[in-house]
Every structure is written in C-alpha cells, then in structure tokens.
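Visitor: Sequence:
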Amino acid sequence: MSDSALTSPDIVIVLAQALTGLGHLRVTHALYHGLPPGAHALMLSSQDTSINYMHKIMSINPTLRRLMEYTQSGWAEDVFTGIARRYFRQKSKILEDQLQTILEQHITKPKTLLIVATHLNLGHQLAAIKDDFAKKNNVRVVLAVVVTDDSPQHLWAVGGADLIFVPSEYTKHKLE
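Going by our numbering, the residue at position 139 of the sequence shown is 119; the numbering climbs one at a time, nothing skipped.
Quick caveat, the hints were computed from the structure, so don't treat them as lab data. Backbone N, C-alpha and C fix where the C-beta goes; we use that ideal spot for every residue, glycine too. All clues stand as given, with none of them false.
Here are the simulated lysine-lysine pairs, DSSO-like style, with alpha carbons at most 30 Å apart: (1) K73 with K115; (2) K73 with K89; (3) K116 with K91; (4) K152 with K36; (5) K71 with K91; (6) K89 with K71; (7) K116 with K71; (8) K89 with K115; (9) K116 with K89; (10) K91 with K73; (11) K71 with K154; (12) K152 with K71; (13) K36 with K71; (14) K116 with K73; (15) K71 with K115; (16) K154 with K36; (17) K73 with K36.
Ranges of calculated distance between the beta carbons of each label pair, as one might list FRET restraints: (18) R6 with V59: 28 to 36 Å; (19) R45 with K91: 42 to 50 Å; (20) G54 with I87: 51 to 59 Å; (21) K115 with L44: 33 to 41 Å; (22) M48 with G18: 38 to 46 Å.
From just these sequences and the hints, can you work out the full model?
Guide: Following this line, the structure appears as structure tokens:
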C-alpha cells in the first residue's frame, strides 16, 4: 500500500492490541511510528479482561505454564487450537462495540477500516465479526494479523484474515 493510500481520508487504520506481553506492545508501537505523516491511525486496546487474566495466570503459575507449553506442539496443539479458536470467536461483542464507536466518531465516514491485529486472540475475534460488521456499516474492512514472535503456533493461522505477516520463512511454511 502506498503512502498516499495510507494518508487518504477514506481510510482509518486501527491498530488492535491486547495489553499482554511486551512483544505485542512493541510491535504495535513500531507499526504506529512507521506510518507516514498524515495517516489516520487509532489504537484499540482490547477491553476483554479475560485475555489479560489468562496471560497473567499462565505466566505466574508454573503448572499452567507447563500445560500451555505442552499445548503448543503435536496432537495437543491441534486439540487446543480448535477449542481456543471457537472460544475466541464467541467472545467478540466487546470488540465489535469498540469498532462501532470508532466508526461513529468520524464526521465523514471512512470507506475502509484497515485493522492490524498484533495479538492472535484479537485476530480471531476480528475475523469472526469482520464480514457482518462491514455489511452492517457499509464499510470495507481489511484485517491484517501480525505474528509477533517466531514460534509458528497454529493459533496464529487466523481464518478470515486478509493478510498474515510473519517474521520468517520458517514460520510462514509452518503456518501454511
């Protein structure tokens, strides 16, 4: 996408982040500061407290951390990924309300929302609501997911995302 497309008044860039893990926050910060002057960008921090709670408890509790690491490979990853995808996609109401507020705050409605998710949970939630939200609001919604670490967990393969950016060829091939 050219600089002129990113600075068009017809496009609003929404950087969607969860306040978990410094990697997600650093990537969002870098993306924001890499935008050309004049780009209309907004930060959307997830208000879903369950994301933060799950991340915190998995980080603090050694048993739960080992369980999380166990579910990141082999058959356990396949089972966990299916369950987690369904769970994430069912919990999208708060995020949909946040997007609606963003859209309604514009005097001149944009034609395109370019949403960049730097957390896999938000990627799944946004993919779940993207098409209905676009139709309801007569706006084009483009969802880009940015994989923020070089561990090809299956959960990063977000069905419904228009683009998925990965940090390496290795992760790309594993997610394909």
